[in-house]
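K.L.:
Residues per chain, in single letters:
Protein chains: 2
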Amino acid sequence: MSASNTRRQIVDVADRLFYEHGFEASSFADIARDVGLSRGNFYYHFKTKDEILAAVIAQRISNTRAMLETWEQDTESPSDRILSFVHILIANRTKIMAYGCPVGTLCNELAKLDHVAKDEAAGLLTLFRNWLAGQFAALGRDADADALALHLLMRSQGVATLATAFRDEQFIRREVADIEAWLRTECSAALAADSRHPA
Amino acid sequence: MSASNTRRQIVDVADRLFYEHGFEASSFADIARDVGLSRGNFYYHFKTKDEILAAVIAQRISNTRAMLETWEQDTESPSDRILSFVHILIANRTKIMAYGCPVGTLCNELAKLDHVAKDEAAGLLTLFRNWLAGQFAALGRDADADALALHLLMRSQGVATLATAFRDEQFIRREVADIEAWLRTECSAALAADSRHPA
DNA sequence: GTCTATATGTAGATAGAC
DNA sequence: GTCTATCTACATATAGAC
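Protein chains in written order, with the numbering used here: chain S, 1 to 199; chain U, 1 to 199.
The hints are simulated quantities; they were obtained by calculation from the structure and are not laboratory data.
As the structure is a computational prediction, the values presented were derived from the model and not from experiment.
Positions of the beta carbon are idealized from the N, C-alpha and C atoms, including for glycine.
Incorrect hints may have been included.
As the list claims (entries may be wrong) - In the DMTMM-like style, the derived pairs of lysine to aspartate or glutamate whose C-alpha atoms are separated by at most 25 Å in a straight line are: (1) S:Lys49 <-> U:Glu51; (2) S:Lys118 <-> U:Glu20; (3) U:Lys47 <-> U:Asp114; (4) U:Lys118 <-> U:Glu51; (5) S:Lys118 <-> S:Asp15; (6) U:Lys95 <-> U:Glu120; (7) S:Lys47 <-> S:Glu120; (8) S:Lys95 <-> U:Glu120; (9) U:Lys118 <-> S:Asp114; (10) S:Lys49 <-> U:Glu20; (11) U:Lys118 <-> S:Asp30.
What the hints assert, rightly or not - Each pair of labels, with its calculated beta carbon distance range: (12) U:Ala143 <-> S:Gln59: 29 to 35 Å; (13) U:Gln73 <-> S:Asp144: 18 to 24 Å; (14) U:Arg184 <-> S:Arg39: 23 to 29 Å; (15) S:Gln73 <-> U:Arg8: 57 to 63 Å; (16) U:Tyr44 <-> S:Ala98: 33 to 39 Å; (17) S:Arg39 <-> U:Arg174: 45 to 51 Å; (18) U:Arg184 <-> S:Asp168: 25 to 31 Å; (19) S:Ser62 <-> U:Asp168: 24 to 30 Å; (20) S:Thr48 <-> U:Arg174: 35 to 41 Å; (21) S:Ser27 <-> U:Thr48: 18 to 24 Å.
Let the hints inform the model, and build the full structure from the sequences given.
P.N.:
Below you can see the structure in the form of structure tokens.
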């Protein structure tokens, strides 16, 4: 197999294992086994575990950018774009109830490890933060767009954490509905205008 | 030193290390070093790492119960009791910005490890959940007391996670103010009545 | 109740054959 | 580019002296 293909497979498997079991708890042996590689050959592609982590974060950043661009293209209005973000909680509910939010839990783990990559991981949250702030600004909330973005991120993180602890799907659905209600009150004028031009 | 004293010290140190660096990342050697004990002697007090974790969770449950009772005794009104809970975010902001919420991050880590104690850890959240629900019920919100309790827990978890990722104290203060505003609108009648009988 | 010495497994990481 | 064999460090855990 070509080096780049093997490398991509390693990153994909590591990404999944880091999410499902955590960074520390995922060993080289675990990753190698799932890829179908010997431990030794591993080091041809990555010299240290931190290198794999950096590659995983870089890939997540790349994937997130692509997802945000897709939402930007597939959705007409800023309010619907924001809803695209909110609805990840529903779409990914099964994995979230088992493992939490991939971004939030990684940030938490790396913060505790005081890992060099902890700011890189937080950069993933910043991607969502800035994109959401852009949508709120487009809805006419320029003044507090960033605060609104952080508030929405805060809610999604809180919902994910409690969903994992209590494994309660109805809780997720109720909180998503509550976020939607919050969006309507916060951006009522813009959303009313928006409903006249559905996507 | 007496066995019970040493045991208590071990649990205290383990509690702190599990919070600051995580359960997996904290080794017996780390705990023994901070207690001032040899690794060997350790096993006189605890046979496995899971036993220490169980003791840590049990102590946290005990401490949490005591804290909730203190709030119950020191605070007159349900709304002020709820505010006691909310204000932990401010009081513990420095540790939260460094390590997150002790309860939420432990639940997340144990969920990923699929650890036998993950439900015990979630029980810590249940303590807060039931206590908060009791306060909301006392405010006349019997019908949705549990949903309000979960919503408040969700917010505190979300604030803690983002505070860790962005290490932004102003964000914490802004969201705490927002929670206070939410409390006022959610329980306006009860809170208005309450303000006539300040604690 | 605490110590030193040690057993055993597995982690991350390397060397060198093919 | 992949393998096997191996290294060192450190993890949990035990045995037995004091």
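K.L.:
Next step is simple, just say for each hint if it's right about the structure.
P.N.:
Status of each hint after checking the structure:
1. S:Lys49 <-> U:Glu51: With Cα atoms ~30 Å apart, Lys49 (chain S) and Glu51 (chain U) exceed 25 Å; violated.
2. S:Lys118 <-> U:Glu20: Roughly 15 Å between the alpha carbons, so the hint for Lys118 (chain S) and Glu20 (chain U) holds.
3. U:Lys47 <-> U:Asp114: holds, 21 Å
4. U:Lys118 <-> U:Glu51: holds, 13 Å
5. S:Lys118 <-> S:Asp15: holds, 15 Å
6. U:Lys95 <-> U:Glu120: holds, 23 Å
7. S:Lys47 <-> S:Glu120: holds, 19 Å
8. S:Lys95 <-> U:Glu120: holds, 21 Å
9. U:Lys118 <-> S:Asp114: Holds, at roughly 24 Å.
10. S:Lys49 <-> U:Glu20: Status holds; Cα separation ~22 Å.
11. U:Lys118 <-> S:Asp30: With Cα atoms ~22 Å apart, Lys118 (chain U) and Asp30 (chain S) stay inside 25 Å; holds.
12. U:Ala143 <-> S:Gln59: 29 to 35 Å: For Gln59 (chain S) against Ala143 (chain U), whose Cβ atoms are near 46 Å apart, the range 29 to 35 Å is violated.
13. U:Gln73 <-> S:Asp144: 18 to 24 Å: Given about 39 Å between the Cβ atoms, the range is violated.
14. U:Arg184 <-> S:Arg39: 23 to 29 Å: violated, 59 Å
15. S:Gln73 <-> U:Arg8: 57 to 63 Å: Hint holds: Cβ distance 60 Å, inside 57 to 63 Å.
16. U:Tyr44 <-> S:Ala98: 33 to 39 Å: At roughly 37 Å between Cβ atoms, Ala98 (chain S) and Tyr44 (chain U) fall inside 33 to 39 Å, so the hint holds.
17. S:Arg39 <-> U:Arg174: 45 to 51 Å: Between Arg39 (chain S) and Arg174 (chain U), where Cβ atoms are some 48 Å apart, the hint holds.
18. U:Arg184 <-> S:Asp168: 25 to 31 Å: At roughly 27 Å between Cβ atoms, Asp168 (chain S) and Arg184 (chain U) fall inside 25 to 31 Å, so the hint holds.
19. S:Ser62 <-> U:Asp168: 24 to 30 Å: With a Cβ separation near 26 Å, Ser62 (chain S) and Asp168 (chain U) satisfy 24 to 30 Å, so the hint holds.
20. S:Thr48 <-> U:Arg174: 35 to 41 Å: holds, 39 Å
21. S:Ser27 <-> U:Thr48: 18 to 24 Å: holds, 20 Å
Hint compliance for this structure: hints 1, 12, 13, 14 are not met, and every other hint is.
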